[in-house]
Structures are given as C-alpha cells and as structure tokens.
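> So the sequences go chain by chain: L and H. If you read the first sequence in the numbering used here, its first letter stands for residue 1, the second for the next number, and so on. If you read the second sequence in the numbering used here, its first letter stands for residue 1, the second for the next number, and so on.
Hints may contain errors.
Identical chains share a label here; the pair holds if one copy fits it or two copies do between them.
[Claimed, not checked] Derived pair list, reagent style DSS-like, types lysine-lysine, alpha-carbon separation capped at 27 Å: (1) 330 - 384; (2) 330 - 29; (3) 29 - 105; (4) 362 - 330; (5) 329 - 217; (6) 38 - 163; (7) 29 - 314; (8) 328 - 314; (9) 387 - 181; (10) 38 - 346; (11) 314 - 329; (12) 211 - 29; (13) 248 - 29; (14) 163 - 328; (15) 248 - 298; (16) 328 - 29; (17) 384 - 105; (18) 115 - 391; (19) 115 - 314; (20) 29 - 253; (21) 29 - 329; (22) 382 - 211; (23) 329 - 225; (24) 314 - 117; (25) 362 - 387.
The set of hints was computed from the structure by calculation and includes no laboratory data.
There are 2 protein chains.
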Amino acid sequence: MVNIAVLGYGTVGSGVVEVINTNHSHINKRAGEEINIKYVLDIREFPGDPVENILVHDYNTILEDDEVSVVVEVMGGIEPAYTFVKQAIERGKSVCTSNKELVAKYGAELLADAKEKNVNFLFEASVGGGIPIIRPINQSLTVDHIDLISGILNGTTNYILTKMETLGLAFESVLKEAQEKGYAERNPEADVEGYDACRKIAILASLVYGKQVDYEKIYTEGITKITRDDFIYAKALGTSIKLLGTSKQIDGKVYAIVAPFMIDESHPLYSISGVYNGILLHGDMLDNVMFYGRGAGKLPTASAVVSDVVDAVKHRDTNIMTIWSAEKKKLGDIEDFSCAYFVRVKGSNMEEAVEQAFGSVKFVKADENLSSETAFVTGVMKEKEFKEKIKGFDLITRIRMA
Amino acid sequence: MVNIAVLGYGTVGSGVVEVINTNHSHINKRAGEEINIKYVLDIREFPGDPVENILVHDYNTILEDDEVSVVVEVMGGIEPAYTFVKQAIERGKSVCTSNKELVAKYGAELLADAKEKNVNFLFEASVGGGIPIIRPINQSLTVDHIDLISGILNGTTNYILTKMETLGLAFESVLKEAQEKGYAERNPEADVEGYDACRKIAILASLVYGKQVDYEKIYTEGITKITRDDFIYAKALGTSIKLLGTSKQIDGKVYAIVAPFMIDESHPLYSISGVYNGILLHGDMLDNVMFYGRGAGKLPTASAVVSDVVDAVKHRDTNIMTIWSAEKKKLGDIEDFSCAYFVRVKGSNMEEAVEQAFGSVKFVKADENLSSETAFVTGVMKEKEFKEKIKGFDLITRIRMA
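Extracted from the complex, chain L is given alone in its bound form (with noise of 0.2 Å):
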C-alpha cells in the first residue's frame, strides 16, 4: 500500500479524491499497489464530507510521516506551494502537482532536488489539463528536434473566442456569460491577457530545449482587443483567431510568443473549439503531431494528477529522467520575429498608400459597415519591419497570422 496525502481540497483536490474513490481498483492494477489516502490538507474545514477524517491543518503532521510517500500539490499559486513542496522532496517523497506558476518558475529547481533524492516531481496537469503532453515529450518525442511547439493552452479564452465566431458577439458579453457559467474567473485577467498560456508554454517549451525558459521573457498579447470586426473578417479569409502560445525556431533562433494568432483549416488547430486545448509540435523526423482533449475541469485535469500518482508509485525509489536544466535558453528578440499580419487602418481607399508601404498585399473586403476603413494581409515580415512600415497609418488592429 501507499499512502498519499492531497495539499489543498479546491475543485482539483476534491477531483483527485473522487477519481481516486471512483476508480479505485482500476488504478491500484495500473499502479502494482493499493493506493491510499492519508491525508487531506486545507486550512478550511468540511463538517460532512467524506474527507472530514483524514483532514489536517497543519502541513507537518504529512511532512513528518515517513508513510506518506506521494504528495499532491493542487493548492496553486507560489506560496505555499513552493515551501510544501521543496519540503516534501527533501524528506524523500514524490511531488505530483497541477501547478502551472510553481512548475514554469521552480520546475528546473524542483526537478533537480527530486533527482538528488531519487525521487520523483511530476507535473502532467500543470498543462493542457487532461492532455497528455509532459510525459509524451519526455518519453516519447525524444528522437526529434522539435522547432515548433504552438498550442491552444486556456480554455477559458478559447471559449470566448469560440462564442464570439460562432454568435457574432463582442468580448465582454461572452466575458460576462462565461463569468456567469463558472468557465472564467471573476478576476479573468490571468486568462484573457494571456498569462495563462504564458506559463504553460514556458513549462512546454523548457521541456523540449532542455533549458529554462523564463515566462517573465515571452511576448504575450491577451484577446482583450479583438473585436466583433475582427471575426468578420476572420470568416472572409477563411480563417480563424485563436489564441496561441507557440516557441517557434526560425534562422536558428527561438522565439516564445503569446498572442491570437490567425488560422485557417488546414492549420491543426483550426478546428479547436471550446474549452478543449490543442497542442502541436513539429519535429525534424516526425512532421506534426498534435494533443487534444480537456485543457480544463475538475475530473479531466485530476485524471492527469493521478496518472502522475501512478507514476510515481510505479517509479518508487527511481528517478524518471526529466532534461530542464537551470541554464537559461537565449530567446530571440520578439523584434525579429517574423510573420504574416491581418491589418485594419482608418480610411477608406487606402490601398495606394498601402502598398507604397508594404508592397504588394491582400486586401480583405468584408462589410459594407466596415467601408471606412482598409483591411489587408501583409507578406511575411520582421515585427520591427512591420513597426516600421504601419507608421503614418492609424491603425485599428493586427493580428498576427500563423
């Protein structure tokens, strides 16, 4: 038998208990060992719940117990999280953790602690949810350079962008409904500013290089700014605008990027919609490969949790090798990162000006409510280029095409 205990009994802990109950048996075949929960950790206290007697309030009393093997972190946020954990690998227990902000800032850190202790810190939740992804990239995608890795990595945003295309809605409307539904948070600026995705991509992409990639240094755009207009003319280019975290090789450099992103049908992830995730990766041998399912939600995103549960009871006393090491990987200047542009500027017949600037593009006609302005797509250019060549217009909006 091993004895687990759960830090924090929010909506992900309450999922790793219920996955854990429900299918029991299944799992402890799949582990080679009864799996058991000691121990519950919250500062709240839950009269009734099934939970109550296992319930503990002071981290210690799971700290000092040499049975309790596995710790679930699935509190969130850096601190305490940080504490607990570095604690619990430090006593020689295993660390499985849903948590996006402790893993992109302490994954190399933690993961390096773990191996020093042949133990084991294992994050398959902390992105796309119920996907699959960090174990895939660790055991799986280990013969390939990757050069691309671009997702689809919050639901919540995916949602509203989803909403807006389909009914034709403005941002804070579909905001407001999904506030309502419980799928964004009343303070949703982590989401749809994109700091969400930030985090997730950094973990993905410090995974593939090998090396830390600071979340702190990718350019990262929310979807606050995109507009009913926008989607319209979306639908005329065939196109859609997701949200995308992507870490892209160019000329030999790496660049990180957090922005929507226009995408038509052949794109993988074109046909990605809703709370569901996506996640695609392009190697040098193996072409595309593409993840999707839950990025989200109670029971996907603690079926992840729990399959690191397994993990690591089936890997007691071995450490899985994970390649983060702490050295920083260099980023190329988001300047030089280069891309196709949907472009709205101010005034009708602006087309002569236009190509004076850009040479020769793709002008996108859409409306006739949108006559007083131009929209057009622009060839393949260096952010600093595109700076550069859009002064003297007014600009309405870009959107970076993919």
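Since the structure of chain L is already known, use the hints to place chain H on it.
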C-alpha cells in the same frame, strides 16, 4: 555505449539508421548513453551503402553477440520476425518493433517473455506511425476506464477517401493514382479491405482492456464499396466518410469493428485528412482525448521506433509495466452493435415504405442524377434490427454513422 541491431533494411529499417545518424547526439542525450548500430540484418546486399560494413545475413551473429542489448525488428510479417524476436528476448535482449501483424498476434506472449527476462518488448510504431499512442495508453491513460477507442488508423485509405471527397473522383481512379505515387501498395488489399486497421485496433483494444483482443474476431469492412455518390450525400449531410477502427463499450459489452463511418464536423476525427491518422479515446474522467500525426512514412515511423530504443536504453534491466494478458477479451456479437445508418435504396418515392419499415427517418436529397433512388438516415438500432428492416428493399448501400 549501447549496441543495437536492426533487422530489415527496407523503408523503416533504413529510416531507423537515418534517424539515429542524423540526430545522434540529441538521441544519446535523451537515452543517457551513446547508441551504436552494430549490425544491420538483411538478405540483400547494399554495395556502396553506408551500412555495407555492418551488414550481416546470418541472424545468429546478432543473437550470439552479447554486446547487442537491443534488437530493432522492422522486417514485417509473422515469420521469421516472430522467431527472431522470441529468440532475442530469450537471450536477454530488448526488442523494439514496428510490426503490427506480429504485435497483434503475439503481443501478449512476447510481453510475458520480456517480463520474465526483465527486458522490454516495445512497439510504439506498430500503430499510428509517428503518433505517440502506445506509450501514452500504457503510461498516461492509467486512471480512466476507456469506453471508446476510435481511430483513423490507415493513411492509405484516408488518403483515398480524402481525394474522393475533395475531387469527386471514383475509388478506382484514386487508388491507381495512390499506387503510382507510392502511397498504396501494388497489392492494396491489406489497406483497402481494412485488414491493416483491424490489426491496429486489436492492439489498442488489447492494451486498453489489458486482455487479448483477437483481430480475427473483429468485424472488418473496407472502403472498396464507397462511391462518388456516397460522398455527394455525405456533403449534403455535412458529414465526411472515414474508415474507422473502433472499440466501443455499449451497455457493459465491448464491440469492435472496422468499417467506413459517416462523421459530422463536431467529431474530433472529422478534419483529419490525407495521409494523417488520428486516434480518439474517451475516458470516464478525461472525456475525449485525441492524438494526431503522420500514420506512416519512413521517417515518422522510424522516429517512433527509435523512441522505443531510447526507452529500452533508459530501462535497462527494468521491465516497463504493460498490462496485456493472454486471456481473451470477450467481444459482443456484431449483430448487437448499434448505431444510426445512412441508407440508399433503389426506387424513387420509397418514402412511405421506408417509414413503414424504419419508423421516422431523415430523408436526404442530394443530386438530380440520383432521383431513381431514395436515401435516408435511420435512428440508432442494432445491426440485426437493421438487417430485418431492410428486407424487401433493394439496398444500394448503407454506411454506419458515428
């Protein structure tokens, strides 16, 4: 340094050599040791080829060399592959194979042999080419009861169906073109009759249930009867026609079937076209998860094989747990498999007779040239019910709907 031997220098075998040579230092880092190809076995000579100096014709050279710890079997077919693999494991060597016939037939036995010898029998490339699917099922999807596996598992047939759909061509002419391009074999039976997909779904189902699913027991229908007209109707219905290998739990029973299915655009496999493969799984906790990539091709398949070599090197002297016993998984009778059907019967104005037999159905009008027939979509019913109800009609075709 780890010495490996490659059995078979055909498409995949030469791909394995190319992948290891091209990404040598990257792969060595991920494996934690240098991988050296000591032998290539083939009955042919390859004068001037880089493998000329390591080419052997007698398998015993490899078998008796205790320096060889990993054998890569990429010959295909049952014999001599089975004997060679069996002997290699017996001698304490791990085996990595892309051979779906071998794995479907002898997977349980060879896994048991490998476990006994504390080595590994790995077969990531046997299903889905370059798509990581075997390892994710074994290592990541360990928590859920999987009640559906459904995949586009054969690139050749998906290429043919995609061309028929997009260009309005007949089966025969697309097959001919695919053969000329090398996308289809000169003897295309294994692909177009669904035998290849059948072996692959048998492997996936065996891993998911942990018991032997015999491919001979799986009801299998190919795509040779799909016509241009079927695609005209499919378009009118907003669906696509895909050859799916499916294992599905209905009312506690497991059914397995390979057949063309109509799927609509809400289906995760809808947009998978051309030579790409996709595999959808549904779990009780995870909901839908889908894996997408190149289902065939020299380098993607070779990349998957080499990812197994890396795993074998990382797990020297440790058997990776894979649950697939020789005990047979009982499958439900295909006569009890239930779904909706798209049906075409001869005769115009058959609406009344159709509704008398099938109750309420959805009639489909597609094209004036098809006015001498009646087409409709039934409700969900069992195979045997369908067969009963269709008696008395002159059936042109029926396609299941998923």
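> Of all the hints given earlier, name the ones this structure violates by number, lowest first.
Per hint list: 4, 6, 9, 10, 14, 17, 18 and 23 violated.
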